[in-house]
Amino acid sequence: MEAFREKIPLEQLYIKRAKNGKINIKSGNKIDLVTKWTIAVLTLLTVLAFFFFDYTGLSLERAIPETWHNLKTMFLEPSLSHFSWGEAMYQIGVTVGLGVLATVIGAVIALFLSFMAAENLSKPWVSKTVRMVMAFIRAVPTVLWVLIFAIAAGLGSEAAVLGMLFHSIAYLVKAFSEAFEEVDNGILEAMRATGSNWWHIVTHGVLPSTFTYLLSWTFLRFEINFGVAVAMGAAAGAGGIGFELFMASGFYFDLREVGFITYAILIIAIVLEMASTRLKNRYFPASVRN
Amino acid sequence: MKEKTIRKSRWMTTIAFIIIIGVTYFSAVITDFNFIEGALTFPAAISWIASNLWITAETWERLPAILTKLNETIFMSIAATTLAAVISLFLGLMGSQTTKVNNIFSVIARFIASFSRNIPVVAWSLILLISFGQNSLTGFLALFVGTLGFLTRAFIETIDEAGHSAVEALQATGATYSHIVSKAVLPQSLPQMLSWILFMIETNIRSATLVGILTGTGIGYTFDMYYKSLNYNAVALVTFTIVITVIIIELISNRIRKVIL
Chain A
0 MEAFREKIPL EQLYIKRAKN GKINIKSGNK IDLVTKWTIA VLTLLTVLAF FFFDYTGLSL
60 ERAIPETWHN LKTMFLEPSL SHFSWGEAMY QIGVTVGLGV LATVIGAVIA LFLSFMAAEN
120 LSKPWVSKTV RMVMAFIRAV PTVLWVLIFA IAAGLGSEAA VLGMLFHSIA YLVKAFSEAF
180 EEVDNGILEA MRATGSNWWH IVTHGVLPST FTYLLSWTFL RFEINFGVAV AMGAAAGAGG
240 IGFELFMASG FYFDLREVGF ITYAILIIAI VLEMASTRLK NRYFPASVRN
Chain B
0 MKEKTIRKSR WMTTIAFIII IGVTYFSAVI TDFNFIEGAL TFPAAISWIA SNLWITAETW
60 ERLPAILTKL NETIFMSIAA TTLAAVISLF LGLMGSQTTK VNNIFSVIAR FIASFSRNIP
120 VVAWSLILLI SFGQNSLTGF LALFVGTLGF LTRAFIETID EAGHSAVEAL QATGATYSHI
180 VSKAVLPQSL PQMLSWILFM IETNIRSATL VGILTGTGIG YTFDMYYKSL NYNAVALVTF
240 TIVITVIIIE LISNRIRKVI L
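Those sequence lines, one after another, are chains A and B. All residue numbers for the first sequence refer to numbering that gives the first Met the number 0, where the first residue is 0 and numbers rise by one. All residue numbers for the second sequence refer to numbering that gives the first Met the number 0, where the first residue is 0 and numbers rise by one.
Note that these hints are calculated values from the structure, not bench results. None of the values given here were measured: they were computed from a predicted structure.
Facing chain A, from chain B, some residues (calculated, C-beta under 8 Å):
#1 Ile19
#2 Ser26
#3 Ala27
#4 Ala44
#5 Ala78
#6 Ser113
#7 Leu125
#8 Leu127
#9 Ser130
#10 Thr208
#11 Tyr226
Only pairs whose alpha carbons sit at most 30 Å apart, straight line, appear in this in silico DSSO-like list of lysine-lysine:
#12 A:Lys127 - A:Lys173
#13 A:Lys122 - B:Lys257
#14 A:Lys21 - A:Lys35
#15 A:Lys35 - B:Lys99
#16 B:Lys7 - A:Lys279
#17 A:Lys173 - A:Lys279
#18 A:Lys29 - B:Lys257
#19 B:Lys182 - A:Lys35
#20 B:Lys257 - A:Lys279
#21 B:Lys99 - A:Lys279
#22 B:Lys182 - B:Lys257
#23 A:Lys127 - A:Lys279
#24 A:Lys279 - B:Lys3
#25 B:Lys257 - A:Lys35
#26 B:Lys257 - A:Lys173
#27 B:Lys182 - B:Lys99
#28 A:Lys18 - B:Lys182
#29 A:Lys173 - A:Lys122
#30 B:Lys257 - A:Lys127
#31 A:Lys35 - A:Lys18
#32 A:Lys21 - B:Lys182
#33 A:Lys18 - A:Lys29
#34 B:Lys182 - A:Lys29
What follows is a set of in silico ranges between Cβ atoms, one per label pair, in the way DEER data are often shown:
#35 A:Ile63 - B:Ala165: 36 to 44 Å
#36 A:Glu60 - B:Tyr24: 50 to 58 Å
#37 B:Val100 - A:Glu65: 32 to 40 Å
#38 A:Pro64 - B:Lys227: 27 to 35 Å
Note that beta-carbon positions come from the ideal geometry of N, C-alpha and C, so glycine has one too.
Could you build the full structure based on these sequences and the hints that come with them?
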């Protein structure tokens, strides 16, 4: 240490100090700086936001107690008046069905596309193109896809499923291709050395080691797609329990029925969430659990 | 692997596949979905999009009006996310195993999170629309409630994963609760939390479109208006502006993520 000090004059041994003489241990930390700036900008934008809002027809002193009263009616006295229990079960079935179709078809298509998107299984330009197309698809909200398809295909389950498919595929391609890229390169090299072709590598090298993982991701997407299917029923006329929710609140103003439907959705969503949490804890390593 | 286990896992895979095919078939029956018609619709829809969804010169005149609405939507999503994040931080601290004050608060925090997350944003916006009426605050509140649930769960997981050792070390020195939170828990989990907040802003801009269609606010309302008046060129322009916005926000947050994580 002493020898080291002798070589460098004291002025060049530059230590940043705060005004009170403490050594500044945080200077030059880029992470800290970016974190601080992000929080500051977000706070500023949030404050600004309330000046940009459009407050037409709003009276808080009326709206808040009214919402409170509505919520109490909804959650404490749920009942059905415009349709029967059987009909309600059927409509829930339709919504779950839409979710299943979009997920299963999406998973099959996404499987093939993700072979193209995974960098270790395909050519760089193919992988880049697929990724860019997927990023574009993800940027368009699902409801817009469904509405756009509804013009061409007419209202019905086909438009809804096709629209929901787009996002499912984009989501799953990202998840699947990342799973493929994590496959040990040694396995692929060993197979290539034995002269296996691309198809062999995929079916015997990549798929067996990632299969449970892919199924778990697919189930996680199903959880999301159930919520999306409810939304599409309400906003894009895709039918199912979402549409009933829209009718009950927007046309009949029947809060008790809204409450019943909300409970039904809540129960299914909680069941799905519990199942997917178990899947995550069982099959996913901690690093990718999010 | 022994031969027996391999055979057993093959069996399981076959059964899983049969169940999936069965469930898919049943879903197609109940939703009245025709696979062939669906497959045929797709090229028809794409060709319709290619021939009708073009931005023409006269639609560019509508751009200022669209941009004001888009602006409102972006601000709505950011404000909803940031404010929800502040409250989620408290709920997350209450709910996490590492930092909980007592079990009752922990259960309450987890219950609030589960409740607000699992009721879809559609339901919240329809419920709020009844008394708040057609204005930005309705959309803001709907997004706020959904985000609150999601972020609380994410924050609880983040704090739990950050590890117990730093907390224990501080406890051993006799640090108070607020010291432990501000010096051990927050510095460790802040980058991950920020990453979740950024993710939620991206998601909320897309959800805001949906909420807008239902509550008649922001860019969703603009889209719905042009859509219902069959002005497809304007529909294309609105979609285009949303895509650009989402991609820009994704790029910015990826940049930030790369530095902080």
